[in-house]
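Chain by chain, the residues run as shown.
Protein chains: 4
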Amino acid sequence: MATNFFGQIFRITTFGESHGPAIGVVIDGCPAGLLLSEQDINEQLALRQPGKNEYTSPRTEGDTAEILSGLFEGQTTGAPIAILIRNKDADSSQYESIKDLYRPGHANFTYLEKYGIFDYRGGGRSSARETAARVAAGAVAKKLLEQHNIECSAFVAEIGGIAITPPDLSHLRALREKTYSSPIFCPDPKAAEKIMEKIRTVKEEKDSLGGILACVVHAPVGLGDPIYGKLEALLAGAMLSLPATKGFEIGSGFQAARMRGSEHNDGFEIDAQGHVHTATNFSGGTLGGISTGSPIFFRVAFKPTSSIKRPQQTVSLSGEKAVFQLSESGRHDPCVAIRAVPIVEAMTALVLADALLMNRVSKARENFGHR
Amino acid sequence: MATNFFGQIFRITTFGESHGPAIGVVIDGCPAGLLLSEQDINEQLALRQPGKNEYTSPRTEGDTAEILSGLFEGQTTGAPIAILIRNKDADSSQYESIKDLYRPGHANFTYLEKYGIFDYRGGGRSSARETAARVAAGAVAKKLLEQHNIECSAFVAEIGGIAITPPDLSHLRALREKTYSSPIFCPDPKAAEKIMEKIRTVKEEKDSLGGILACVVHAPVGLGDPIYGKLEALLAGAMLSLPATKGFEIGSGFQAARMRGSEHNDGFEIDAQGHVHTATNFSGGTLGGISTGSPIFFRVAFKPTSSIKRPQQTVSLSGEKAVFQLSESGRHDPCVAIRAVPIVEAMTALVLADALLMNRVSKARENFGHR
Amino acid sequence: MATNFFGQIFRITTFGESHGPAIGVVIDGCPAGLLLSEQDINEQLALRQPGKNEYTSPRTEGDTAEILSGLFEGQTTGAPIAILIRNKDADSSQYESIKDLYRPGHANFTYLEKYGIFDYRGGGRSSARETAARVAAGAVAKKLLEQHNIECSAFVAEIGGIAITPPDLSHLRALREKTYSSPIFCPDPKAAEKIMEKIRTVKEEKDSLGGILACVVHAPVGLGDPIYGKLEALLAGAMLSLPATKGFEIGSGFQAARMRGSEHNDGFEIDAQGHVHTATNFSGGTLGGISTGSPIFFRVAFKPTSSIKRPQQTVSLSGEKAVFQLSESGRHDPCVAIRAVPIVEAMTALVLADALLMNRVSKARENFGHR
Amino acid sequence: MATNFFGQIFRITTFGESHGPAIGVVIDGCPAGLLLSEQDINEQLALRQPGKNEYTSPRTEGDTAEILSGLFEGQTTGAPIAILIRNKDADSSQYESIKDLYRPGHANFTYLEKYGIFDYRGGGRSSARETAARVAAGAVAKKLLEQHNIECSAFVAEIGGIAITPPDLSHLRALREKTYSSPIFCPDPKAAEKIMEKIRTVKEEKDSLGGILACVVHAPVGLGDPIYGKLEALLAGAMLSLPATKGFEIGSGFQAARMRGSEHNDGFEIDAQGHVHTATNFSGGTLGGISTGSPIFFRVAFKPTSSIKRPQQTVSLSGEKAVFQLSESGRHDPCVAIRAVPIVEAMTALVLADALLMNRVSKARENFGHR
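Chains as they are written, first to last, in my numbering: chain A, 1 to 371; chain B, 1 to 371; chain C, 1 to 371; chain D, 1 to 371.
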């Protein structure tokens, strides 16, 4: 079934396996006249890149995007934008020894049951490698959003039980700077210190950690569609489509379950310029699934990395009890949440770019772009 | 933008406003040969019905489904199944006095900004009334799932901070019986007593409560599609498309963020019949977005009902500060989570019916149903 | 499989069988702020209505539309517009005698093979009755097009081999008036006389006639999308989705196969106002699948009505040779092409409404409707 | 707007411009377990290749497919199959001189109006070059169809007014052999001689010819979906999405308009094996949009090649009258219909592969592929 696409008007289709020749994305529906370069994409890919320090996987992906179509003289033309990222540094040999075992926390069991075949090299299509294609697409979405003054910023909010002090959400540029200057994408330097210490300990114990990311968006009123196209529904679907995610909450989130209506309802205020806005923002920036103009704020839970170097109980494909043991030299992130920061941002940008274009067809009487 | 549909193969399109002539749904893509009657649908609608006791809204909806198409001699024909539910007992007069105010926690602000027009009577399209159409569609999905031995059961897991003792998830029929014999759809009678007492207090205080629902599914291995069609992504999108939802978590959920890989990874075991399954189920029943055969388990957070009878700070449509005050005689649920139990079940059934049909096209060599 | 929908942004989903309780349509994606009434729809339904004279079926459908949703104070709200048309005058008894025979030129053979079940009463879902729902939806599309000065007009171009003198395509209002004042929707009165005579003869011979409809659209430059969304591809798909259609051609059509490039290429000219347009219009109003601003002109071939009152060779469902004989009192159109005129117009309007909205998201820099 | 995709379950998304770095396709929804190699694709690409003789364009495309994903150990895995075809031999210099003129019969006028930007080099996205990606995708579809004994064969039926003697449609392998052994894909050698002579004359006259292709499919009963998913609707849309097409007809086609019901209705017969089939096949192999098991037969009209070496009247982008003159050394097909034979076949295969998979979800009680 065709399900490797995301979005309705600004629609991406991704492809590629971890150890195949390449991964990539086709963006279908990007409007014409947007300035775009491979540099724009490579900058985003670099953020996602592992191998930068001891807190992420030492696999050196060194991703470089090649734009194959949809650009002319530095601008988008309205034609599909295909972006290709060749796979490098893919060593499949270490997967030989484990290919006949069901891998705890991984997808080879379910893929084999569903498809009868599984590309076990590096996890094939089920590898987090595929998220590089999402980041490439997100880079294009961000260019479109920029033109309409829509910004988003994701960051590490909690790892291994260590939560950060909530940052100021009103200046996204500053927040992004703090985030991306941290080796673990954490805008609170004190919490970051403690988290890094914990990561070092856990790595020594051949174990891994889970975490929570937060993301905030500044967008105008009116984005998102009622019922099944609610902004939070699209964001939740986008986030739970990421590998290793276990939860999503917007605004007050699960805390809302313990609140009363009189606390939770965001009253309306009017400012000096005559703009109506909510006095508080427990809703997290949407009402009825449509953006209110207040910051859209949500959090995403990540499980601890499944790839750990301890022996684990399992079964072989032929039905024998077995022990699963990753090679000591394998390269894995001690906490997948960290590198997910630019990925969460990319998926957010994709949801918003689509919502922005969908909103353009909401009213019957506006100029429809033709003469 | 067309966004009032849900699903790809088993696709529903819903319509209707709270105080319009009717709400309804067209189910497009239901396979032929399924036994179905209006009774099947009315039974599910009755579960959602308010007005049954003091814990839900006293509005007597008395919903009755009329099947307009897609049935012949008691069976589905493969043609679209249109289901109509006429609106009754809709008194729009009470909305006259508040139609010129932005309503805290409701969608009139965002709808007006987006569309320039808003049917304020009972919340129009943004009313929870629209979920009756989802329940009707879910009833049909359940008939399809039954034929393939797929079951689901939702229940109240926590209200106003009072959590239930986790129920046994291995016998869904028993769990459903316990749930639906409780006036507040809560399978733990002791917790239910405490919750009902709290609801009575809060109602007297003209306030409302939030809550958490849980849902469990028994399904075979192989449902769900990789990447953007992950089962948890579809479920998360489905749940966050429901009014008043603020969060979704699957399996270990947000707790996963505080666990280590060595704790969280579900090892594999083999049983006497040679079936492989996971020894634990922190994953919540999916790996790589595809069902493992273990129970699929997730939770959904609901905010406290926005409609409370206390005065609230707001602004009028013409930009003046104002006080929003609901009429004393208005009928509102003290906790919307309760009545959401059959709705969560319906959305779950819709996700699974679609996943079931999508899975039918996963392998190239199987019988394709033609001669 | 969900395939009862049409369109991407302005999307319709239709439902209903010939002899079921009702047929109808849900329009999802109609922009807000459009003036609309049931009268607008009933006017279009009346054009399609049979029973007006001896040249169409005497079945009195007497269709009346009920708008169930999506309207508030006479305007569309952006919510789905559901339109219901109750079936009347449906006498299923005459189908009893033929329900066990494969019906020549009809779909019961293929439906039974595909679905294993068939609602034989009046042809069930395969009846031309379903086109009333398309006409209802087309009426809404026309309201949107009106606001953007887009008009279309279909008419009878040939019946039973008698072709009309090509009309002036530059004044669509006049053309529509001529067309709809003719009992057979034929704007050339002389040809109409001959056609009506032929129809009378053929009816006496218990036989039927085929025909060709033409349709012309006045639309601005820029509608339609490249590759699979070419305007002619969408129109061709729309037309061949109508019952009894056998062919589609745009502009020069099949004649193009006998022309040379030097004849066929439309040169460009510039008028006094500085507007560029093509000097001739062999292309039929599109280049590269996108409208040129010249009239869009296409033709659709219809087979002769399959329901004739002569005995026909067939086979019973149980596999015996048999003779198929319709009852003398049955009511059938002598030429289905005639009543298809408003239906072709409706499908054209649906294609164009969608193209109009799709074009609104082509350029990155335009105002996107938000503040 | 995202419109560069085709199909619902077996969905392709194509990308690329004539003179960009590459064109390609992502096939999303191909079932797992299909044997596939680059050789399978290159064989089909070779059929489409120009430069083979004087009857087609001398541009040497020399297309080679690189499969980037979705294959493992020679079989499809259910993951998206990305196919890349690098552009070679693309000389953009000749387009410099004409880039500021509206090009008769081409799309630069409409693209510029729609998008405000146009990649003029070789026609950019509007070039027939993009059809190579369709042929690559069609090669994969054919592999799936093969496994279910579905075959299709397209051929030249008429060029420059010279029609062939209708071939035997019952042996498709033989028909394909005759077709592809002809330099102009024409299975009637005598007609082919006359056509080739005419082409030589027309080339000398710096002019071009139109033509008609026919295509026949052997498929089981039951493919295609009612209403908007009728097989002929999908085929018509597919064919009119090809560059230079002006018409489509199925079975009796436009001739049906001149027939009577008593002639046109295909009676039913039963054969010795008890299989029901139609005695004649005026319908062209479908009833109610669903395949009957008889050969599906349709024809497609192509306009004469727009690129001719005669001077043509036009206007410059700046609004001045001008003469459009292609360079003498430019390479163009004298009749685009010829090379469209494998392309028509590819689009047919794509429609049928999707219909085959869609039919797999028609009945509720069949095995759904899970345990």
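In case anyone wonders, no lab produced these hints; they're calculated from the structure. The model shown is predicted, which means the values in this text are computed figures rather than measured ones. Among the clues, some could well be false.
Just so you know, same-sequence chains aren't split out, so a pair can sit in one copy or run between any two.
Unchecked claim - In the SDA-like style, the derived pairs of lysine to any residue whose C-alpha atoms are separated by at most 20 Å in a straight line are:
1) K190 <-> E328
2) K88 <-> N149
3) K363 <-> S327
4) K309 <-> R121
5) K190 <-> E38
6) K363 <-> L36
7) K190 <-> R258
8) K321 <-> D40
9) K88 <-> I67
10) K206 <-> L172
| field | Hints violated by the structure (numbers, ascending) | value | The structure conflicts with hints 1, 2, 3, 5, 8, 10, although it agrees with all the remaining ones.
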